[in-house]
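Enquirer: Using the sequences plus the hints, can you model the full thing?
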Amino acid sequence: MSLSLSRLYNLIVAKYPKPTARDGEDAALVAPLKLGILGAASIAPRAVINPAKLMPDKVQIYSIAARDIARAKEFAKNYSIPRTHDSYEELINDPEVEALYIPLPNGLHYEWALKSIEKGKPVLLEKPAASNAEQAEKLFAIANEKGVLVVEAFHWWFHPAAKLVKDIVSDKEKFGEVEKFEGSLCVNHFFKDDDIRFKFSLAGGSLMDMGCYPISWMRYYLGENPTTAKSLELEVYPKDAKIDGFASVEYSFASSDKKKGIVHCGMKTPLSTLWRIGFIPKMIITSSKKDLVYTMPLWPQVYHNISVRDIATGKIENRSCFEDGKETWSTYAFQLEAFADAVKGGKSTYSLLFATRFNEDVLIAQ
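Residues in the sequence shown are numbered from 1 upward in steps of one, following this note's numbering.
Among the clues, some could well be false.
[What the hints assert, rightly or not] With a straight-line Cα cutoff of 25 Å, these simulated DSS-like cross-link-like pairs (lysine-lysine) come out: (1) Lys163 / Lys260; (2) Lys163 / Lys77; (3) Lys259 / Lys172.
[What the hints assert, rightly or not] Simulated restraints on C-beta separations: (4) Pro56 / Arg319: 28 to 34 Å; (5) Asn93 / Asp171: 44 to 50 Å; (6) Lys174 / Asp68: 54 to 60 Å; (7) Leu234 / Ser80: 40 to 46 Å; (8) Lys258 / Tyr303: 20 to 26 Å; (9) Leu232 / Asp86: 41 to 47 Å; (10) Asn225 / Lys73: 25 to 31 Å; (11) Ala31 / Ala241: 33 to 39 Å; (12) Asp68 / Phe200: 19 to 25 Å; (13) Lys73 / Gly147: 30 to 36 Å; (14) Ile316 / Ala141: 44 to 50 Å.
No lab work stands behind these hints, which were simulated from the structure alone. Beta carbons are placed, not taken as given, at the ideal position from N, Cα and C, and that holds for glycine.
Expert: Below you can see the structure in the form of structure tokens.
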């Protein structure tokens with residue numbers, strides 16, 4: 001798919017499509033989900049505030065709380081959020097708040113998601129869900145026990161393009177048996193040195209922040225969890241030896257000795273490594289018959305390409321995938337819509353996938 005001038009105009013200038021009612025329902029009969037936000041995080045506008053404007057019949061950004069009440073009030077004013085709360089606890093305990101979005105630093109995810117679950121509040125939880133595997137297993141076990149929906153916010157797989165890739169690589173007759181996955185998400189100087197992503201006490205580091213994306217790609221498209229990390233290439237963050245500035249990991253899988261997954265991730269990736277791996281986020285999925293390259297899985301609404309090459313003939317097919325009427329919707333918008341539908345009991349393409357992820361070990365930690 002080429003990024004034409006007309007498409008660029010539509011992405012930046014054209015109006016978004018009007019929201020539609022749930023299948024078989026009158027939108028007026030289903031009250032919008034009242035969503036509370038824990039933390040005045042910079043990702044909140046991109047993840048939920050702006051997407052909510054596309055679906056006012058489904059989601060209302062109802063309130064926000066921050067450690068600094070003045071910051072919460074300023075944030076609420078800037079983004080037209082009707083209420084603020086003086087503390088995270090007060091927001092969670094508000095009976096008007098039906099669900100919570102938690103974009104706090106990684107090291108705080110477990111604590112506040114658990115408190116939300118204890119109150120029976122569904123949670124859209126920023127990735128990674130917790131600081132380590134033990135916390136993640138406990139968190140989702142308690143959520144299952146109490147019947148509370150918790151969605152780890154890997155927004156990329158809510159886009160139609162992600163499902164198309166899954167359909168292609170799952171067709172063993174045409175694509176063949178997948179033997180190798182390689183995914184990369186690397187930057188060099190995108191984050192400042194004082195960014196919370198470099199704080200070990202808050203579960204920072206490249207694998208925890210950037211790496212969980214290509215790890216999630218690998219697990220989803222290979223259809224299983226890796227069993228062993230066979231090799232590790234590591235660049236330590238110069239200002240804290242406990243933090244990985246770049247990591248490249250090769251994983252093995254129980255289903256086949258031939259199957260392997262390689263993940264590259266970095267917040268302070270050496271430029272020489274960036275030139276070798278590539279600046280643009282992508283994944284390569286290889287079988288005995290074909291290989292597939294999915295470029296830009298995090299921002300497919302801006303640009304993406306799904307290239308499938310037949311190894312025997314060399315023939316290449318390029319594809320892209322959008323939902324009619326929602327071509328400009330971000331992955332975050334699809335995620336929020338699916339989350340709201342699941343909470344409200346409406347029909348959701350991904351509700352079954354939610355249930356499947358409930359029973360998985362959702363985090364592969366350092």
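Enquirer: Hint by hint, note whether the structure agrees.
Expert: Tested hints:
Proposed proximity of Lys163 and Lys260 is supported: the alpha carbons are some 22 Å apart, at most 25 Å. A C-alpha spacing of about 37 Å is found between Lys163 and Lys77, which places the hinted pair above 25 Å, so the restraint is violated. With a CA separation close to 15 Å, the supplied pair Lys259 and Lys172 stays within the 25 Å bound. A hinted range of 28 to 34 Å holds for the C-beta pair Pro56 and Arg319, which are about 33 Å apart.
Taken as a hint, the range 44 to 50 Å holds for the pair Asn93 and Asp171, whose Cβ atoms sit roughly 49 Å apart. Checked against the given bound of 54 to 60 Å, the beta carbons of Lys174 and Asp68, roughly 55 Å apart, stay inside it. The supplied range of 40 to 46 Å is met by Leu234 and Ser80, whose beta-carbon atoms lie about 44 Å from each other. Distance hint for Lys258 and Tyr303: a CB-CB separation of about 33 Å, inconsistent with the stated range 20 to 26 Å.
Between Leu232 and Asp86 the beta carbon distance is about 45 Å. The supplied range of 41 to 47 Å therefore holds. Judged by the Cβ atoms, the range 25 to 31 Å given for Asn225 and Lys73 is violated: they are separated by roughly 44 Å. Checked against the hint of 33 to 39 Å, the C-beta distance between Ala31 and Ala241 comes to roughly 51 Å, which is inconsistent with it. Evaluation of the 19 to 25 Å hint for Asp68 and Phe200 yields a pass: the beta carbon distance comes to about 24 Å.
Taking the beta carbon of each, Lys73 and Gly147 are about 35 Å apart, inside 30 to 36 Å as hinted. Range check, Ile316 to Ala141: about 45 Å between beta-carbon atoms, so the 44 to 50 Å window is met.
Checked against the numbered hints above, the structure breaks hints 2, 8, 10 and 11 and satisfies the rest.
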